[in-house]
Amino acid sequence: MGNCIVPYCDGPKSTNIRWTLPAVCVVWQSAMVILFGAFVRYNAEVDAHWPEHKKAKNITSDIENDFYFSIINADFCVASCLIAYGGVLGKVSPVQLLVMTLFGVTLFAVEEYIILSLLHARDAGGSMVIHTFGAYFGLAISWVLYRPNLKDSSRLNGSVYHSDVFAMIGTLFLWMFWPSFNSAICLHGDGQHRAAINTYLSLAATVLTTVAVSSLFEKQGKLDMVHIQNSTLAGGVAVGTAAEFMLMPYGSLIVGFFCGIISTLGYKFLSPFMERKLKIQDTCGIHNLHGMPGIIGGIVGAISAAGATETVYGAEGLIGTFGFTEGFEHRTPAMQGGFQAAGMCVAVCFGIGGGIFVGLILRMPLWGDPTDDKCFDDEIYWEVPEEEESADPVLQYNNHAVTNKHAEIHFISWNC
Numbered sequence: 012m013g014n015c016i017v018p019y020c021d022g023p024k025s026t027n028i029r030w031t032l033p034a035v036c037v038v039w040q041s042a043m044v045i046l047f048g049a050f051v052r053y054n055a056e057v058d059a060h061w062p063e064h065k066k067a068k069n070i071t072s073d074i075e076n077d078f079y080f081s082i083i084n085a086d087f088c089v090a091s092c093l094i095a096y097g098g099v100l101g102k103v104s105p106v107q108l109l110v111m112t113l114f115g116v117t118l119f120a121v122e123e124y125i126i127l128s129l130l131h132a133r134d135a136g137g138s139m140v141i142h143t144f145g146a147y148f149g150l151a152i153s154w155v156l157y158r159p160n161l162k163d164s165s166r167l168n169g170s171v172y173h174s175d176v177f178a179m180i181g182t183l184f185l186w187m188f189w190p191s192f193n194s195a196i197c198l199h200g201d202g203q204h205r206a207a208i209n210t211y212l213s214l215a216a217t218v219l220t221t222v223a224v225s226s227l228f229e230k231q232g233k234l235d236m237v238h239i240q241n242s243t244l245a246g247g248v249a250v251g252t253a254a255e256f257m258l259m260p261y262g263s264l265i266v267g268f269f270c271g272i273i274s275t276l277g278y279k280f281l282s283p284f285m286e287r288k289l290k291i292q293d294t295c296g297i298h299n300l301h302g303m304p305g306i307i308g309g310i311v312g313a314i315s316a317a318g319a320t321e322t323v324y325g326a327e328g329l330i331g332t333f334g335f336t337e338g339f340e341h342r343t344p345a346m347q348g349g350f351q352a353a354g355m356c357v358a359v360c361f362g363i364g365g366g367i368f369v370g371l372i373l374r375m376p377l378w379g380d381p382t383d384d385k386c387f388d389d390e391i392y393w394e395v396p397e398e399e400e401s402a403d404p405v406l407q408y409n410n411h412a413v414t415n416k417h418a419e420i421h422f423i424s425w426n427c
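Residues are numbered in the working numbering as their position in the sequence shown, beginning at 1, plus a constant of 11.
Think of the hints as simulated: they come from the structure by calculation, not from any bench.
Note that the Cβ used here is the ideal one computed from N, Cα and C, for glycine as well.
Treat the hints with caution; some may be incorrect.
For lysine to aspartate or glutamate, the following EDC-like pairs were computed, each having C-alpha atoms within a straight-line distance of at most 16 Å [unchecked claim]:
hint : residue 1 : residue 2
1    : Lys385    : Asp163
2    : Lys162    : Asp383
3    : Lys162    : Glu327
4    : Lys162    : Glu286
5    : Lys66     : Glu56
Restraint-style ranges between C-beta atoms, simulated for each label pair [claimed, not checked]:
hint : residue 1 : residue 2 : range
6    : Phe188    : Leu234    : 20 to 26 Å
7    : Cys360    : Met259    : 29 to 35 Å
8    : Gly364    : Ile208    : 34 to 40 Å
9    : His341    : Thr382    : 57 to 63 Å
10   : Ser174    : Gly364    : 32 to 38 Å
11   : Asp388    : Glu337    : 51 to 57 Å
Could you put the whole structure together from the sequences, leaning on the hints where they help?
Spelled out as C-alpha cells, the structure:
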C-alpha cells in the first residue's frame, strides 16, 4: 500500500496516543534540559557582564548588541518545519509531527551550515535554506506516506466561509510583515533598506498577477480564496535570496509577476497532477507557495550574484553584500553565482533525501496515525464540543394564499 518499501509500514493502526504522546514529550523535554545544561550558555551579548565587555572591546553603543540574531535564526528554523507540516496536515498524528520536527530541526541546522558557512552562499530571506528545504522535506514525507484511499475522507478536507475569512487575516499579517522577515538578518543600513523595498515591490506585483490569473482561469471570472490566501505571498518567498542584492525595483516587480503566475497555476493544475500521477498529496499546496518560488528565488539569487559588478555595487558594497572577507577575499561574483546555485541544490537534496528517510520512520505503526477514512477529522485527537442539534423548522401557513390542494402541497414543500 502506498509508496512504502519496508515490510512493517502497513500494520494495523490505532489512534490512541494516550501513552505515546506524553512519553515522547517528556523524554524530549528531559533531553533538552540535559543538553542545554551541558552545552548552552549565554553569550557576551546576553550575559550580565555586557557593560564590562563593552569597555574591554571599546564598544560605545548598545546597537552592537545583536543578540536578537540568534532568536531570529531559531524562528527561521521553526518556519521550515511549519512549511513541511503543510504537506502532511490532517494525515498524521501529533506524535508524528513531533518526530518530524526533531529530524526537521536537525536537518535544517546541517543544511544551513553547509549553505551559509561552507559554501558561503547568501540567503537573507531564506528562499533556499527555509522555503525550498521545508517544502521538499514535507513533500517527500507526503510521498512516502501516500494514502490511496484518502478520497474516503476528502469531504472533511475543505473550508467554510468564516474559516476563509480568518485565514485571510493571517495572509494580511504575513504580507505586511514579510519585508521585515526578509530584511531581519541583512547588513544594517542599506542592505536592510534594499531588502524591505525589494520585498514590498515583489509582493505588490504578485498580488496583481494572482488576482488576474485566478479570475482568468475560474468560471465566470470569480476569484478563488485559495489563490488569494497563498499565491499573493509567493513574491516574498522568491525574492528572499536576492532581497539585499541590487536587484533593482523593476527586477523585483518582474520576480513577483512571474511568481504570481506560476504559483496560481500550480494550485489550479499542478497540485491535482502531482496527486494523480506522482502520488504526492500536498494538503496545503506548499509546493506552489514555497517549493517553486523558493527555487525561483535560488535561481534569481545565483544570476544576480554572478552579474554583480563594482560599477553597480561599489568596491566596498560588493565586499559587504557578498561577504568577500575572512577567507573569501579572492572570490569573484561569477564564482559566487556558482556557489549560490550549489546552495540551492543542497537545499533540494537535503529536503528530498531527509524527507524520504523521515517518512519511512513515520510509516512505523506505532505513532497513532489515522486511517484513510479518518483523516482531516479533529475528533480523533481533540476533545470537540458536540454540535447543537438544529430545531425543526416551524412551518407557517398563510391560509389566504392556499387556493387549491396542489397549491397547498407546493407551498408546504417550499417551506420545508
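The hints, checked one at a time:
A C-alpha spacing of about 8 Å is found between Lys385 and Asp163, which places the hinted pair at or below 16 Å, so the restraint holds. The suggested pairing of Lys162 with Asp383 holds, with an alpha-carbon distance near 8 Å, which does not exceed 16 Å. Using a Cα cut-off of 16 Å, the hinted pair Lys162 and Glu327 is violated, with the two alpha carbons roughly 58 Å apart. At most 16 Å may separate the alpha-carbon atoms for a hinted pair to count; Lys162 and Glu286 meet this at roughly 11 Å.
Of the supplied pair hints, the one linking Lys66 and Glu56 holds, its CA atoms being roughly 13 Å apart against a limit of 16 Å. In this structure, Phe188 and Leu234 meet the distance hint of 20 to 26 Å, their C-beta atoms being roughly 23 Å apart. Between Cys360 and Met259 the Cβ separation comes to about 31 Å, which falls inside the hinted range of 29 to 35 Å. Between Gly364 and Ile208 the Cβ separation comes to about 36 Å, which falls inside the hinted range of 34 to 40 Å.
Between His341 and Thr382 the Cβ separation comes to about 59 Å, which falls inside the hinted range of 57 to 63 Å. Separation of Ser174 from Gly364 is about 35 Å and conforms to the stated range, judged on CB atoms against 32 to 38 Å. Taking 51 to 57 Å as the suggested C-beta distance range, the pair Asp388 and Glu337 conforms, at roughly 54 Å.
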